[in-house]
Each structure stands twice: as C-alpha cells, then as structure tokens.
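S.K.: Just need the whole structure built from these sequences, with the hints factored in.
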Amino acid sequence: MGAEAVIEIEGLTKSFGRFPALRGLDLRVERGEVHGFLGPNGAGKSSTIRVLLGLLRADSGTVRLLGGDPWADVVALHRRLAYVPGDVSLWPGMTGGEAIDLLGSLRGGLDERRRAELVERFELDPTKRGRQYSKGNRQKVAIVAALASDVELLVLDEPTSGLDPLMENVFQEAVGEATQRGATVLLSSHILAEAEALADRISIIRDGRVVRSGTLADLRGQTRTTIHATLARVPGHDELAGLGDVRVDGDRLTATVESTRVGAAMALLTPLGLTSLTVAPPSLESLFLRLYGDDERASDEAVPDERAR
Amino acid sequence: MTAVSAPRAGSLVGTRTLLHATMRHDGRLFAPWVLVATLLSTSSVVVYPWVFPDQASREALAVAIGANPALGLIFGPAYDLSTADGFNAWRTLALGGFLVALGAVFAVTRATRAQEDSGQAELLASGVLGRSSRLMAGVALALVGSLAAGLVAGVTTGLCGGAWSSSLLLGATYTATGWMFAGVAAVTAQVGSDARTASALAVGTLGTLFLLRGLSTSLDAPAWTRWANPLGWTLETRPATGDHWAPLLLTVAFTVAAVGAAFALQARRDFGQGMLAQRPGPARGTARTPWRLAVRVNRPSLLTWTCVFVVLGVVFGHFTTSIEDLLAGEPAVQRILAAGAASPAQLTGAFVRTVLSLVGIIACVPGVQVLLRVRAEELEDRVEPVLAGAVARTRFYASHLLLALGTVAVLVLLAGTVVAVLAGGADIGVSTRDVLVQAAATVPAVWTVVALATALVGARPAASRAAWAGVLVSFLLTLLGPTFGLDDWVLGISPFWHVPTVTAGDPDWTGLGWLALVTAGLVTVGLAGFRHRDLAR
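Heads up: the protein sequence lines correspond to chains A and B, in order. Heads up: the first sequence runs through residues -5 to 303, numbered per the numbering used here. Heads up: the second sequence runs through residues 125 to 661, numbered per the numbering used here.
One should not assume that every hint holds.
[Claimed, not checked] Simulated restraints on C-beta separations:
| no. | chain 1 | residue 1 | chain 2 | residue 2 | range |
| --- | --- | --- | --- | --- | --- |
| 1 | A | 160 | B | 403 | 26 to 34 Å |
| 2 | A | 103 | B | 446 | 53 to 61 Å |
| 3 | A | 286 | B | 640 | 52 to 60 Å |
| 4 | B | 415 | A | 174 | 33 to 41 Å |
| 5 | A | 107 | B | 516 | 28 to 36 Å |
| 6 | B | 147 | A | 174 | 57 to 65 Å |
| 7 | A | 190 | B | 584 | 44 to 52 Å |
| 8 | A | 103 | B | 652 | 29 to 37 Å |
| 9 | B | 586 | A | 286 | 29 to 37 Å |
| 10 | A | 107 | B | 597 | 52 to 60 Å |
| 11 | B | 438 | A | 70 | 49 to 57 Å |
| 12 | A | 51 | B | 648 | 17 to 25 Å |
| 13 | A | 286 | B | 584 | 54 to 62 Å |
| 14 | B | 584 | A | 208 | 42 to 50 Å |
[What the hints assert, rightly or not] Partner residues are not named here, just some residues of chain B that face chain A (Cβ under 10 Å, in silico):
| no. | residue |
| --- | --- |
| 15 | 404 |
| 16 | 409 |
| 17 | 413 |
| 18 | 508 |
| 19 | 509 |
| 20 | 513 |
| 21 | 514 |
| 22 | 516 |
| 23 | 517 |
| 24 | 658 |
| 25 | 660 |
[Unchecked claim] A partial selection of chain B residues facing chain A, derived with a Cβ cut-off under 7 Å:
| no. | residue |
| --- | --- |
| 26 | 318 |
| 27 | 319 |
| 28 | 407 |
| 29 | 408 |
| 30 | 411 |
| 31 | 512 |
| 32 | 515 |
| 33 | 659 |
It is worth saying that the hints were derived from the structure and are not from the lab. For each residue, glycine too, the CB sits at the ideal point set by N, CA and C.
M.R.: Dropping the structure here:
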C-alpha cells in the first residue's frame, strides 16, 4: 500500500432527496493499476464517478483525485484525465469525428496519430451524424476520444456496453496499451470477464458501500471451491466434517471447501468411492453471486471484515 | 373522420390504450395552455366594466388603440370596443388562438417525433400497435386539448358575465386554431427529421400566417388576403359583432385535410427518419471550445431567427412608413391632434417605441431558447462529457449566456436597422438615427428577460420553463397594460416599460440603469447557481 494513490475516497456519502445513493464509500486506486469497480445496477458506481468528476457535490467524506479536490480544482484535474460515460449521448447534428475533436480539445488536445489509428481499429465511420449511430458506435466515439488523449487517469464507466465481442477485444488491447504508457484506469463494469481480463485490483460495491476490495488473487482466496461428486456409498453427516454447504441428493453430493483445503477434502471423499468428480475453481462470479445473493446481514458483516484488512 | 384517411385496416390497433396513457402523462402538459387561454378571455370581461365604467372612458380606449396601429398588427381590427364582449373579441381572438395552437403543436410533436428521438416510440412500436396509432394518439391529444381550451375558456367567460353567444364562439375559434395547427404539426412531424426541426417548422408556419393576418387587416389589404389565410377565417367569425359560425367549417375542413396528409406521408417514411435524408458530414471538427460548441449547437435555429428578424424588420418598417395614413383614418386621433394634446411627432415616436418593443419581446424567444437548451443538453447527458474535460463550469455557462445576450442584441439591432432605413427614408418625422437609438435602448430590456432565464436554469433548473413566463408577462404588460390603466408599479414589472422614448424632449435614461442592475443581479445568481449545483439533477 506504499504506492501513490491516484484516487482516495473515504466515507463518501451522497443522497438524492431522501434516497441515499452512497453511504460511506471507501475507495483507493493506486498509480499505474487498472482498478475494476464492480457492482450491480444501481449500486452507486456512476454516482461515485460523477463525484470524482466534480459533477456531483459530496455530502460528506473526503475525496482526493490526482492529489487535488475534484470539486474545487476541476480544470486542472480534468486536463489529466479522460472519461467515457456508460451511456454516450452525442449531439444529433454533429458528426462522430467532430465530437471526438471537440471532446479531445476540451481536455487539452489529442494525439493525432493515435486518433487516426483508433478510428481505424474500432472501424468507426467518423462522418455520420450523432443521431445515426447505434449504441455501440456512440460508445466507440467516446472511447476513441478518451484513449486518443495522453492522460494520467482514464475513468471508464461501463465503457463497453453495446460493443460487439470483436470490438471488446480491441478495447481491451487499447486499454492495455494505455496502461503500458503509464496510465491509471478506473474501470466500472458489471461484466466480470472484462474485469478479470483487465483489472489488477478490484473493489466491489453494493448499496453505496464498497464491500470487498483487493487483488484478484485476494478475492479468489476469499471464495470457496465448489465440489460436485457422485459417490458409491451415501455417507452420514458426521463423515463430512470439514466440508461446507453440504447437500446430498441420492448418490450426488454438492459441497464447498476453502480453496487451500481441497486436498483434505479429496482425502475425505476418496474412501466413499468416487465415480465422478468436478472441482470448480473459485471464480469472480461465485464471489459476486455470494455477495449479492446474500441478505443484507451478510453484506454488513463484510464491511468490518474489509476494514480490518 | 381521420380513420378514413388512414392507410390500412389495423394500422390503428392499440390507439385507445396508447391515447389513454398519453392523456395521463402528457395531458397535464396541455393544462397551462387551457389556463392561459381561459385567463386571457375571462380577464377581459371581468376587468372591462371596472376599468372602463362609462361611455367616455370607452371612447378614450378606442382612441388609444386607434392611435397605436402596432396593436392592430398583433390583435387584429377593433370592431367594437364599447362592449365587454367586443373588447374581449379584439383582445383575445388572435392571441388566444395563437397560444392554443402552440400547445397543439407541442403536444403533437411530443407524442410523435420526440418519442422517436428518445427511443420510447421503438418500445411502443414493438408492442401490439398499428403503424399509425402513435400519430393518431398525438393528434387526438391535441384535438381534445384544444377542444378543452375552447370549451373551458368559452364557458368560464360566459359564467364571468360575457354574452354566451359571443363567448362560446370565441372559445370555438381557439379550438379551431388549435385543431388546424394540430394538423400542421402532424405534417411537419413527418417532414422534419427530429423533434426540434418538426416543431420549428410548425411554429414557423404559425408565426408567418399570424404576421400575414396582422398585415392584411391593418393595411386595408383586399379581402381575399384574409380568406387565403387559415388564421383569417377565425377573424371572419366576428364574435360580438356578427357571430358567424360558418367560417369555422373551413377550419374543420383544413384540419381533416392536414391530418389526412400527415397519415399519407407517415405511411411512406421510415421509422425515425424524415422526408429529408441526412447527409454525411465532416470527419474532423472545428468546434473546439465551449464557445464554439454553444455556437455549433444553436447555429441552425439562430440562422432561422436571423431570417425571421429581417422579415420582421421589413414588415414593421413598411408598417411604420404608413403610420400617417393609419392615423389619418382615425377621426378621434385627428381630434387629439387638432386640439394640440399631442403632436404627430409624439405619436410617431410612441409608435416606433412600441414597434421596437414588440421586436424586442420576440427577440426574447431565441434568447430564452439558448439558455433552456443548456438545460436540455444537460438532461440528455451531453453536458457531462464536456465538463469532464478541462472546462470550468462558469466558462461553459457563460459561453451560452454571452451567445444569448449577443444574439438578442444582434437580432434587435438587425430588425431595428431595417425599420430605421425604411422609416428614415419615408419623411414621417423620425430620422434613421432616432430609430436606431430606440432599437439600441430596447436591447437592455431583452437582456433582463434573458437574465431571468439564466438565473432559473442556473439556480432553479427544475423550474427553468418558468423563463417563458418572463416573455409572456413582458408581452401582456407592454401591449395590454397601458390600455387597462394599470398602475405604474405593475407595468414596471415588464422590463420594456423602462425603455425610454428617445424622441421625447428629454428621454429618461435612468430606467436603463435599473434594468442593468437587475440584469447583473440575475446573471450573478445564475452563474453562481450553475457553479454550485449537482449536474443533471
């Protein structure tokens, strides 16, 4: 944790009328990393990003962005970052090319060579008018405008919504190149594969709070490996001590075990006569499902857990 | 009536459900238009006996109106101002119809084009819904809304003491005007390729016909010019001075024809497209600053407004040159002049001031539009990416404000110059310079109205539409206030009241100082508000 923080949020709250969108959110993004910001719809991802961009004013909490105050130092900070909104709305009469140049210039200029190259790679027709673009193509316009500028921080809010899988690949490559140039990326998403492919560290948000944060390996360690087995002999419950979430259905057994104790579980099961066995490695998805599937109490437990680390 | 002109059986499936939903959600948006039309009409009959209690005051009213032909351009001829109903007919026939027509245009555009732009229509169209149902629901909403406006205004006016025959007929003219423009808007919604173009085309048609009607009645043009103009038909009903219902049949026929044409056009165009296809544009952009962006976004409508103001200048200028003839036709005015109560130069000066105030009030519309556009852009998420760039909010907002202030100044001076050149060359007692100075003196009043919009969009965005109230209040107080004998402090609410008459012996310029002060205050509130509030909320 010694590295310099590009984004530092502590105890951020923000309400819209009586609806609390963010309730004490903590987030730390370090220089040079791709930070996945995951959460279901309506969890508060976009609100957090809008506070970071100085578009919304925080009710309480401290927010530092690139060492400055996102509300007060708007102009200086925005020269150093680029933003892709999740739902790009273009000026109806303006072409995509014009919009790229406008957004790039407002940020302090574009790298001409990279602009041309990105337009090419994303197969974007820059002469169409805003209202003629499909959702995916509108998204490309914003992506090209953001990636063609030389900035320290890329704030991407569900950037690939509407992109086809080919274009999603191109996007992942381009983000990879940006990090090689030294850019830091805050990538908000609900697409787990995208986060798994790109992110070094991940924060998971739910109901306006970050409930888990860490590297992919950390988070994987927190989840349990799932075991599906078909057994020759149906065991008694006391024989299965050490396994969690045990369900026995006829000769089929489903259970979970901590990732580090898979070996011990095998030793337990082998004497029962295994006829088939599937061991599913912990995936982000299972963590996700556990966190979101759980009731409110489970997520409240997770918060002190997170703070303690 | 319109089902006949619909292209195919089954194309109206689902209209009833859709209309029900549209009524519930958009119906209340028509309510303000019903309210304004009703207030306009009832206020005439309520206020008339009170402000003009005796014969002498009524004659004085006729003289005052006769002495200012600019009023006739807006309100049409005053046939009989000696009764409350005649007064009501003069004051509200043209205006009430105009307002209800605006409501109808916006209702149709909202239910058709705006829905296609926003994607709502696509959701609806994928349901069990005939091809023409959406248009049908939009048109029906406007027809019902206009009917409500006419009925409520007519009946309320009757209840407030108006004669039933003329009050109901007057209400019917509002309905008829609303109906015709529901038809026009249904057509323009097929022609324009987005909501803004569609409503601009319809409102442009309304404005042009309104102006032509004013000209044809004020300048004693041949009768056919009135019959050739759909808006002229409502004038021919002559509420309180004849009560002819027959001309309204023409308006119904016009409505049926226009709506039929709209359905025919709709059957021929693609979803989300207009009759005019979009061409590819430049691959590189030149708009690279907030100021250039503001210009770029508003350019098409500002170009249109420039044309409108050149035409307004020509019309008003031509009108000004005939002031002597117009006044000569008024025996009462001649008596005033003969008695030395006013000099011809004074009357001409007051007339020029009124004409330019009218120009100024119309110029408020594009000014307010530029600022409301900021709010619209904000709600459509287009301000967010701009402000995510290295752009201070104040600079962004100030760019739009400057554009609005600059635009209205240029438009007023443009029309003013045309009027000045025409009037200065006509030997009517005012010089080109006088008119130009008068036009320049009108600009600060327009700025005040624009500043009100700035304050609202900046500090109270949820109420930003109230900016139109500034335009409407200025209009009503400036043109109708004086004839009502309202107190100065009421008249002073309109910024245009503070504009001095430059041809007067010693014009009082302090009014402009007050205007500047109020303008500066409102602008400050607006800029500070925009700087400190949450965006897109």
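S.K.: Each hint: holds or not?
M.R.: Evaluation of the provided hints:
1. 160/A - 403/B: 26 to 34 Å: holds (29 Å)
2. 103/A - 446/B: 53 to 61 Å: Given a distance of about 58 Å, which is inside 53 to 61 Å, the answer is holds.
3. 286/A - 640/B: 52 to 60 Å: Hint holds: Cβ distance 59 Å, inside 52 to 60 Å.
4. 415/B - 174/A: 33 to 41 Å: This hint holds: roughly 36 Å between Cβ atoms.
5. 107/A - 516/B: 28 to 36 Å: holds (30 Å)
6. 147/B - 174/A: 57 to 65 Å: holds (58 Å)
7. 190/A - 584/B: 44 to 52 Å: holds (46 Å)
8. 103/A - 652/B: 29 to 37 Å: The hint (29 to 37 Å, Cβ to Cβ) holds, given that residue 103/A and residue 652/B are roughly 31 Å apart.
9. 586/B - 286/A: 29 to 37 Å: Once the Cβ atoms are compared, 34 Å apart, the range 29 to 37 Å for residue 286/A and residue 586/B holds.
10. 107/A - 597/B: 52 to 60 Å: holds (56 Å)
11. 438/B - 70/A: 49 to 57 Å: At roughly 51 Å between Cβ atoms, residue 70/A and residue 438/B fall inside 49 to 57 Å, so the hint holds.
12. 51/A - 648/B: 17 to 25 Å: Hint holds: Cβ distance 20 Å, inside 17 to 25 Å.
13. 286/A - 584/B: 54 to 62 Å: 39 Å Cβ-Cβ, so the 54 to 62 Å window is violated.
14. 584/B - 208/A: 42 to 50 Å: Given about 44 Å between the Cβ atoms, the range holds.
15. 404: holds (4 Å)
16. 409: holds (3 Å)
17. 413: holds (7 Å)
18. 508: holds (6 Å)
19. 509: Constraint on residue 509/B satisfied, holds at 6 Å.
20. 513: holds (3 Å)
21. 514: holds (4 Å)
22. 516: holds (5 Å)
23. 517: holds (7 Å)
24. 658: Since the shortest Cβ distance to chain A is 5 Å, the answer is holds.
25. 660: holds (7 Å)
26. 318: holds (6 Å)
27. 319: violated (10 Å)
28. 407: Where the cut-off is 7 Å and the nearest Cβ of chain A is about 4 Å from residue 407/B, the hint holds.
29. 408: holds (5 Å)
30. 411: Constraint on residue 411/B satisfied, holds at 5 Å.
31. 512: holds (4 Å)
32. 515: holds (5 Å)
33. 659: holds (4 Å)
Hints 13, 27 from the list above are not met by this structure, while the remaining hints are.
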